[in-house]
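Novice: Turn these sequences into a full structure, and let the hints guide you.
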Amino acid sequence: MIDAQVLPTPAGPLSLLCRDGVLVAAGFTADPSDMFVRLSPALQAEGLDVVDDLGPAAQAVRDYLAGDLLALDAVPVEQPGTPTRKRLHEALREVKPGTTVSYAELAERAGLPRTAARAAGSACSQNLIAPFVPCHRVLPGSGGYGGYYYGVPVKEWLLAHESGRV
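Following this note's numbering, the numbering of the sequence shown begins with 1232 at its first residue and continues without gaps.
Watch out, some of these pointers could steer you wrong.
List of simulated lysine to aspartate or glutamate pairs, EDC-like, C-alpha gap at most 20 Å [what the hints assert, rightly or not]:
no. : residue 1 : residue 2
1   : K1327     : D1283
2   : K1327     : D1284
3   : K1317     : E1336
4   : K1327     : D1294
5   : K1327     : E1393
6   : K1327     : E1339
7   : K1317     : D1304
8   : K1317     : E1339
9   : K1327     : D1304
Cβ-Cβ distance ranges computed for the label pairs, FRET-style [stated by the list, open to error]:
no. : residue 1 : residue 2 : range
10  : V1397     : G1278     : 32 to 42 Å
11  : E1321     : P1287     : 30 to 40 Å
12  : R1396     : S1373     : 15 to 25 Å
Keep in mind the hints are simulated off the structure, nothing from the lab. Every residue, glycine too, gets a C-beta built ideally from N, C-alpha and C.
Specialist: Laid out in structure tokens, this is it:
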């Protein structure tokens, strides 16, 4: 069974989906089924149950919102993807709060050539576990905020929170 909880945040409701204590999806939506339908058919076959408290994952969000910007890093995550995508997601988790990287820099940190910026962009757009896999910390090399699956205002809030501007 996939357990889900929705937590209020200043950036909007955040749905968390866990399987056996491992976060398999998270996103800024009030409806956990929005995230559930993005999971693999095998995980969807396990079913979805909304619970009152997911424990460590929910506590990590509360701690993050209270100022412990490293709290999300302690939560185990798992999402599907090619070996390249998995390397990019791992590299994303190493980008520290309050800092940002470009897509080319993310590719380089994942041990890929800087020309793999397109792959880095794809990994961000397919990320199922925001903000635990912090794709909001990736900005276009040309400037600005770029896009964000949950909207640029959410990305702006997350970056402002992590840099102490909130």
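Novice: Checked against the structure, which of the hints given earlier come out wrong?
Specialist: Violated hints: 1, 2, 11; rest satisfied.
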